[in-house]
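Protein chains: 2
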Amino acid sequence: MIKLTQAYRLLNHGPTILVSSSFNGKQNIMAAAWNMPLDFDPPKICVVIDKKTYTRELIEASGSFAINVPCVAQVDLVTKLGSYSGRELQGTDKFAENQLQTFAAKHIAAPLLTGCVAWLECKIIPEPHNQNTYDLFIAEVVAAYADERVFSNKGNGQYHWHFEGHDALRTIHHVAGGAFFAAGKSIQAQNT
Amino acid sequence: MIKLTQAYRLLNHGPTILVSSSFNGKQNIMAAAWNMPLDFDPPKICVVIDKKTYTRELIEASGSFAINVPCVAQVDLVTKLGSYSGRELQGTDKFAENQLQTFAAKHIAAPLLTGCVAWLECKIIPEPHNQNTYDLFIAEVVAAYADERVFSNKGNGQYHWHFEGHDALRTIHHVAGGAFFAAGKSIQAQNT
Chain H
384 MIKLTQAYRL LNHGPTILVS SSFNGKQNIM AAAWNMPLDF DPPKICVVID KKTYTRELIE
444 ASGSFAINVP CVAQVDLVTK LGSYSGRELQ GTDKFAENQL QTFAAKHIAA PLLTGCVAWL
504 ECKIIPEPHN QNTYDLFIAE VVAAYADERV FSNKGNGQYH WHFEGHDALR TIHHVAGGAF
564 FAAGKSIQAQ NT
Chain B
384 MIKLTQAYRL LNHGPTILVS SSFNGKQNIM AAAWNMPLDF DPPKICVVID KKTYTRELIE
444 ASGSFAINVP CVAQVDLVTK LGSYSGRELQ GTDKFAENQL QTFAAKHIAA PLLTGCVAWL
504 ECKIIPEPHN QNTYDLFIAE VVAAYADERV FSNKGNGQYH WHFEGHDALR TIHHVAGGAF
564 FAAGKSIQAQ NT
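Respectively, the protein sequence lines represent chains H and B. So that you can map any letter, position 15 of the first sequence is 398 in our numbering, and since no number is skipped, the others follow by simple counting. So that you can map any letter, position 67 of the second sequence is 450 in our numbering, and since no number is skipped, the others follow by simple counting.
What the hints contain is simulated information worked out from the structure, not anything from laboratory work. Careful: at least some of the hints might be erroneous.
Unchecked claim - Here are the computed lysine-lysine pairs in the DSS-like style, where the Cα-Cα straight-line distance is at most 30 Å:
1) H/Lys463 / H/Lys434
2) B/Lys506 / B/Lys537
3) B/Lys386 / H/Lys434
4) B/Lys489 / B/Lys434
5) H/Lys568 / H/Lys409
6) B/Lys463 / H/Lys506
7) B/Lys506 / B/Lys434
8) H/Lys463 / B/Lys568
9) B/Lys463 / H/Lys537
10) H/Lys434 / B/Lys506
11) H/Lys427 / B/Lys537
12) B/Lys434 / H/Lys435
13) H/Lys435 / B/Lys427
14) B/Lys506 / H/Lys427
15) B/Lys435 / H/Lys386
16) B/Lys463 / H/Lys386
17) B/Lys537 / H/Lys506
18) B/Lys386 / H/Lys435
19) H/Lys434 / B/Lys463
20) H/Lys568 / H/Lys537
21) B/Lys506 / B/Lys463
22) B/Lys537 / B/Lys489
23) H/Lys463 / H/Lys506
24) H/Lys568 / B/Lys568
25) B/Lys435 / B/Lys409
26) H/Lys463 / H/Lys568
27) B/Lys427 / H/Lys506
28) H/Lys463 / H/Lys489
29) H/Lys435 / H/Lys386
30) H/Lys434 / H/Lys537
31) B/Lys463 / B/Lys409
32) H/Lys463 / H/Lys537
33) B/Lys506 / H/Lys386
34) B/Lys537 / H/Lys568
Just so you know, these numbers come straight off a predicted model, no measurement behind them.
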C-alpha cells in the first residue's frame with residue numbers, strides 16, 4: 384500500500400496504463416496512453432476512455448476502474464489488449480482468452496492484473512460534460528500499490544521508482560503503432 | 384511543421400513539459416509534468432496549471448500558451464524554472480534572468496524556447512468549471528514543430544521519435560523532487 388498523497392508518483396513520469404473494469408459479472412481490460420495525475424490530496428487522476436469502448440460501458444455502470452501500470456515484459460500483451468474490444472468476445476473475456484492472472488482490489492470490483500508494477504484503485508468523480516464532450520474521466524484514487532522491487536520509499540518516506548537491475552520491470556511509454564520507450568536512465572537535477 | 388493529426392505523438396509517451404506564456408508585454412515559463420493528449424483531430428491536449436502560478440494569469444488573459452518539450456540537456460533548467468514564480472521577479476523575467484533564447488510562434492504570443500525538441504502552439508478551449516475546480520485546462524493544438532534530428536516522418540508519413548545517437552536530446556519524465564527518467568530503450572511490440 385502506497386501512501387495516498389504520493390500515489391501521483393506512479394503516473395507522474397507518463398507511463399502507458401491498462402484500465403481494468405468490472406460490472407455485474409462482466410470484466411474487461413484495455414490500454415490507455417492518455418492519462419495523468421490531477422491532484423495530490425486527495426489524489427485524483429484523468430484518463431481518456433473512448434465512447435466506443437466496452438471499458439466505457441463497464442466503468443460508467445460501476446463508477447470505478449483500476450489503473451494497472453504494465454512493464455517491459457508485457458509490451459506484446461499491452462498492444463494486444465489495446466487492439467480489440469472485449470465486447471466482441473462471446474462467452475469469454477480478455478482475461479480468460481489471454482490466460483491472465485489477477486488479484487482482487489479492496490474498494491472496487493475491477494480485477495488487478497498480476498505482473499504489472501503498480502495499481503491504483505479509482506472511483507469516478509462524475510463530470511458528464513467532460514465525459515460526453517471529451518471522453519475525459521476524472522477519478523479519485525482510493526488505494527495504490529506497487530511492486531516493491533521497483534517502487535518503494537526506501538525507509539525515508541519518499542516513494543520513488545528504482546528500476547536498476549530490473550530492466551524487464553521498467554514502465555513503458557507508448558508513442559504510436561506499438562512503438563514504446565522503456566523508462567530509461569535516471570537523472571537527478573543538480574539544483575534540488 | 385508536424386502534420387497536426389500526428390501532433391499527439393509529441394506527448395503520447397508522457398514527457399514533462401515547459402509551458403510558456405505571454406500577455407501585454409509580460410512573459411513567463413514554468414514546468415508541468417501533468418499533461419496528456421486529449422484528441423487527434425483537431426488535436427487537443429490537457430494540462431494542469433495551478434491557480435497560484437503567474438503562468439495561469441498570463442494564459443487566462445491571452446487565451447493561449449505554448450508547450451515546449453525539453454530534453455536531457457535541460458534537466459537543471461527545467462527544475463529551476465519549476466522552482467520559483469516569475470511573479471517574484473522585478474523588472475525582469477525568467478527568460479532574461481536565465482539568458483534563454485527563444486523564437487516566435489506563428490499563431491500565439493508565447494515565445495518558444497530554443498534547445499527544446501518539440502513545440503506545440505495551443506489555444507485554450509474555455510472550460511471554466513474544469514479550470515476553477517481542477518486547475519485543468521483543455522486546449523487545441525494549432526501548430527506543432529519538432530527537432531528533426533529526433534522526431535520526423537522518415538518519408539513514410541508516420542512521425543516518430545528516434546533518439547538513437549542523440550542521448551542529450553531524449554525527452555525527460557519527472558517523478559518528483561528533481562528525479563527524472565530519460566526516454567530509454569525503443570521497443571516495438573511484435574504483434575503490430
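Hints and how they fare:
no.: 1; hint: H/Lys463 / H/Lys434; in the structure: 20 Å, holds
no.: 2; hint: B/Lys506 / B/Lys537; in the structure: 29 Å, holds
no.: 3; hint: B/Lys386 / H/Lys434; in the structure: 25 Å, holds
no.: 4; hint: B/Lys489 / B/Lys434; in the structure: 27 Å, holds
no.: 5; hint: H/Lys568 / H/Lys409; in the structure: 40 Å, violated
no.: 6; hint: B/Lys463 / H/Lys506; in the structure: 35 Å, violated
no.: 7; hint: B/Lys506 / B/Lys434; in the structure: 18 Å, holds
no.: 8; hint: H/Lys463 / B/Lys568; in the structure: 20 Å, holds
no.: 9; hint: B/Lys463 / H/Lys537; in the structure: 26 Å, holds
no.: 10; hint: H/Lys434 / B/Lys506; in the structure: 25 Å, holds
no.: 11; hint: H/Lys427 / B/Lys537; in the structure: 39 Å, violated
no.: 12; hint: B/Lys434 / H/Lys435; in the structure: 34 Å, violated
no.: 13; hint: H/Lys435 / B/Lys427; in the structure: 19 Å, holds
no.: 14; hint: B/Lys506 / H/Lys427; in the structure: 25 Å, holds
no.: 15; hint: B/Lys435 / H/Lys386; in the structure: 26 Å, holds
no.: 16; hint: B/Lys463 / H/Lys386; in the structure: 27 Å, holds
no.: 17; hint: B/Lys537 / H/Lys506; in the structure: 42 Å, violated
no.: 18; hint: B/Lys386 / H/Lys435; in the structure: 26 Å, holds
no.: 19; hint: H/Lys434 / B/Lys463; in the structure: 40 Å, violated
no.: 20; hint: H/Lys568 / H/Lys537; in the structure: 19 Å, holds
no.: 21; hint: B/Lys506 / B/Lys463; in the structure: 26 Å, holds
no.: 22; hint: B/Lys537 / B/Lys489; in the structure: 25 Å, holds
no.: 23; hint: H/Lys463 / H/Lys506; in the structure: 26 Å, holds
no.: 24; hint: H/Lys568 / B/Lys568; in the structure: 9 Å, holds
no.: 25; hint: B/Lys435 / B/Lys409; in the structure: 17 Å, holds
no.: 26; hint: H/Lys463 / H/Lys568; in the structure: 27 Å, holds
no.: 27; hint: B/Lys427 / H/Lys506; in the structure: 25 Å, holds
no.: 28; hint: H/Lys463 / H/Lys489; in the structure: 27 Å, holds
no.: 29; hint: H/Lys435 / H/Lys386; in the structure: 34 Å, violated
no.: 30; hint: H/Lys434 / H/Lys537; in the structure: 41 Å, violated
no.: 31; hint: B/Lys463 / B/Lys409; in the structure: 19 Å, holds
no.: 32; hint: H/Lys463 / H/Lys537; in the structure: 35 Å, violated
no.: 33; hint: B/Lys506 / H/Lys386; in the structure: 36 Å, violated
no.: 34; hint: B/Lys537 / H/Lys568; in the structure: 26 Å, holds
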